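Engineer: If you're matching them up, the sequences are chains E and R in order. If you read the first sequence in my numbering, its first letter stands for residue 177, the second for the next number, and so on. If you read the second sequence in my numbering, its first letter stands for residue -11, the second for the next number, and so on.
Possibly wrong hints are sitting among the right ones.
In silico BS3-like pairs for lysine-lysine, Cα to Cα no more than 27 Å straight-line [unchecked claim]:
no., chain 1, residue 1, chain 2, residue 2
1, R, Lys145, R, Lys158
2, E, Lys277, R, Lys145
3, R, Lys116, E, Lys230
4, E, Lys277, R, Lys150
5, E, Lys190, R, Lys116
6, E, Lys233, R, Lys116
7, R, Lys168, R, Lys200
8, R, Lys116, E, Lys204
9, E, Lys190, R, Lys168
10, E, Lys190, E, Lys230
11, R, Lys205, R, Lys236
12, E, Lys193, R, Lys116
13, E, Lys259, E, Lys233
14, R, Lys116, E, Lys277
15, E, Lys204, R, Lys145
16, R, Lys200, R, Lys236
17, R, Lys168, R, Lys158
Chain E residues, not near chain R, derived (Cβ > 12 Å throughout) [claimed, not checked]:
no., residue
18, Pro245
19, Ser247
20, Gly281
Residues from chain R that keep clear of chain E, each with C-beta distances beyond 10 Å, as calculated [unchecked claim]:
no., residue
21, Leu(-10)
22, Met211
23, Arg230
Derived from the structure by calculation, the hints contain no laboratory data. Please read all numbers here as calculations on a predicted model, not as lab measurements. Heads up, the beta-carbon is just placed ideally off N, CA and C, and yes, glycines get one too.
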Amino acid sequence: MKLLTLNFLTCAVKSCKSSSDSFPLHPKDAELASDDVEVNPELLVNLLPRLDWKALKTTSTELGFPQLPDSPPTVEELQADEKLLRDLHSLLMETNLMEGKLVCGVCGHEYAVREGIPNFLLPSHLV
Amino acid sequence: MLPTPTTSHVPYTLVYEPAEDSFLLLDTLSSPASTNFHTTHFPPSSPPPLILEIGPGSGVVLAFLTAHPTALFSRPDILTLGIDINSFACASTAQTVRLATAQHPSSSSTTGTFLSAAQNDLTSCLRKNQVDVLVFNPPYVPTEDLPLLPESLRQQKEPGAKVTFEEESKLLELSYAGGKDGMETTDRVIDSLGEVLSERGIAYLLLCAGNKPEEVKERIRGMGNAGEGRRWMAETVGTSGRQAGWEKLQIVRIWRE
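When you get a sec, could you build the whole thing from the sequences and use the hints?
Structural biologist: Below, the structure written as structure tokens:
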């Protein structure tokens, strides 16, 4: 799974959803793999308005990627900042989470990721 | 005509094999009426649409969408995601998408971005109102009971672990058995549309005649959760042709107006 996926996922437990701590999920024991993808600045610029920047920054920091700015860049700032474009490209487009866990910040449930596939099926007592 | 993704690597004892319903979805999604609708609905200057297929099975439809974004959406920058309750279907989907997108020489600029296949029972793992295009070829066959996923298949099997005959039959049953009117799973998806679809979101839902499609469309149009001053639309946009005067399969497009 691409790390960008984490920007769209939340804990599957119903009672966690009202808390902002259920998003983003926190990678644990993560094994990452990198795809070689051609940089596409236009795609990243288009993507900017639909990213939750705070969550992205959390994911990036937790996985040891270069520090992202605190607030999202404007389109013009991003277009002019080659380093930020490269960092975002590497984080969002090239990096895959292959093995590990995704942990909810509210209930602590750990969702397994195996061979790049996260499993959100809950044990019956949590459904 | 756009090529149909290859699925010859998919283990059909464990994962639903592409059939008439899958191909009707491909035809409908790539019809001029659909592509024109997508182009005006998701203009190139708007943020990239997130496309979710629920129950992608072999991945043939999701791979088709990911491989041909420019033909289908007039833009290359779509994001695609699959959610299936069957872990073998998740693995098959990822592989089908990989193969379909690898055929293009410079993949990042001409094919969409495949995010992941995730194992889940529908959409509980998604943030609210993120999905712009939802595609669902549901288990639509009317059956007495709705099957449950066996406990042993809630986690991915260890590589090389054996799948029993009972587990195999349960997985295939899950891919078609829809309970009462064949609508028990589809109704859960319909009820969740207000929370799953974005403001500009659309859904493509496949129905069979046994699902009573006219009643289903009426029910969707009457749902009260479209948001302030908006209402739900539901129109048939593709059919398998008439047999004895009625359509066997049809695709309904659902959106807010």
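Engineer: Each hint: holds or not?
Structural biologist: Hint-by-hint comparison with the structure:
no. : hint                   : result
1   : R/Lys145 with R/Lys158 : holds, 15 Å
2   : E/Lys277 with R/Lys145 : holds, 16 Å
3   : R/Lys116 with E/Lys230 : holds, 17 Å
4   : E/Lys277 with R/Lys150 : holds, 24 Å
5   : E/Lys190 with R/Lys116 : holds, 12 Å
6   : E/Lys233 with R/Lys116 : holds, 20 Å
7   : R/Lys168 with R/Lys200 : holds, 11 Å
8   : R/Lys116 with E/Lys204 : holds, 24 Å
9   : E/Lys190 with R/Lys168 : holds, 26 Å
10  : E/Lys190 with E/Lys230 : holds, 22 Å
11  : R/Lys205 with R/Lys236 : holds, 16 Å
12  : E/Lys193 with R/Lys116 : holds, 9 Å
13  : E/Lys259 with E/Lys233 : holds, 16 Å
14  : R/Lys116 with E/Lys277 : holds, 22 Å
15  : E/Lys204 with R/Lys145 : holds, 21 Å
16  : R/Lys200 with R/Lys236 : holds, 11 Å
17  : R/Lys168 with R/Lys158 : holds, 18 Å
18  : Pro245                 : holds, 20 Å
19  : Ser247                 : holds, 18 Å
20  : Gly281                 : holds, 14 Å
21  : Leu(-10)               : holds, 22 Å
22  : Met211                 : holds, 21 Å
23  : Arg230                 : holds, 40 Å
Checked against the numbered hints listed earlier, the structure breaks none of them; every hint is satisfied.
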